[in-house]
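Go by the hints and put chain B onto chain E.
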Amino acid sequence: DTGVSQDPRHKITKRGQNVTFRCDPISEHNRLYWYRQTLGQGPEFLTYFQNEAQLEKSRLLSDRFSAERPKGSFSTLEIQRTEQGDSAMYLCASTTVTGELFFGEGSRLTVL
Amino acid sequence: AQRVTQPEKLLSVFKGAPVELKCNYSYSGSPELFWYVQYSRQRLQLLLRHISRESIKGFTADLNKGETSFHLKKPFAQEEDSAMYYCALSALGTGTASKLTFGTGTRLQVTL
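Chains as they are written, first to last, in the working numbering: chain E, 1 to 112; chain B, 1 to 112.
Here chain E stands alone, though its shape is the one from the complex (with noise of 0.2 Å):
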C-alpha cells in the first residue's frame, strides 16, 4: 500500500501521559496536513507543512500540541499532558500543489 499510513492505530493513556503518533506521507507529496475528528464531527484543521516548513497551525492546537517534519518526510504529531477532551480521531493527510488530499487511517487516542 502506497498510500498514507499512519501509526499507531489506536492509543490509549492515562490523563496527563504525553502520546506521539507518526505519519508518513506519499513519497512525492510536499504538503502534509494534520486535522483532528471528535465523533459527530467531520474533520477539523489542525496544522500543515510544506516541506519542513511548518506554515499554518490552527486555534485548535493548545501549547500541549507540537507537530514536526524535520525531513520534510514523515511527520509526528505529539500531546503533551493529556487531557479527556484530547480522545480523537487524528488524521493526517497528504497532497501535491494539484490539492487533493489523500488522508490516512487515522489515529484514534482514547484518554481515560
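Everything labelled a hint here was simulated from the structure, so no lab data went into it.
Since we're looking at a predicted model, the values are computed, not measured.
Treat the hints with care, as some may be off.
Claimed, not checked - Straight line, CA to CA, 30 Å or less: simulated DSS-like cross-link-like pairs of lysine-lysine:
1) E:K11 to B:K9
2) E:K57 to B:K9
3) B:K15 to B:K57
4) B:K65 to E:K57
Structure of chain B alone, referenced to chain E:
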C-alpha cells in the same frame, strides 16, 4: 470565517430513488467546494470538486453562489452508495487550497 453546514445527519433512501445531500456554506471570498466520502472501514477520500465539473460514480454537484449551496445529487441510489459524506470548503487561489473546512457529515443509507 468559513462555515459548512450539512443539515441532515442521516438520509435514508430506497435503492433506485433519487438522492440529494444538502450542503450550504458561508464564506466571504471565492470558495472551492468538495465532497469527500468515507465508506465503511475505509479512509476518507475525495468524491468530487466543483472546479472539475465531473460526474463521479453517478454523483454531480453544482455550486450555486446565490444560494451558497453545493448539494450532491444522484438520480438513482445504489446499495454501494451507503457511506458517510462530507462537504468541504477551501479558499480558492490562496495557496492553501487543501486547508479544508468540513461540515459535520451526512450518513447515506440505501435500503432495498
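Each hint tested on the structure:
| no. | hint | verdict |
| --- | --- | --- |
| 1 | E:K11 to B:K9 | holds (28 Å) |
| 2 | E:K57 to B:K9 | holds (29 Å) |
| 3 | B:K15 to B:K57 | holds (15 Å) |
| 4 | B:K65 to E:K57 | holds (29 Å) |
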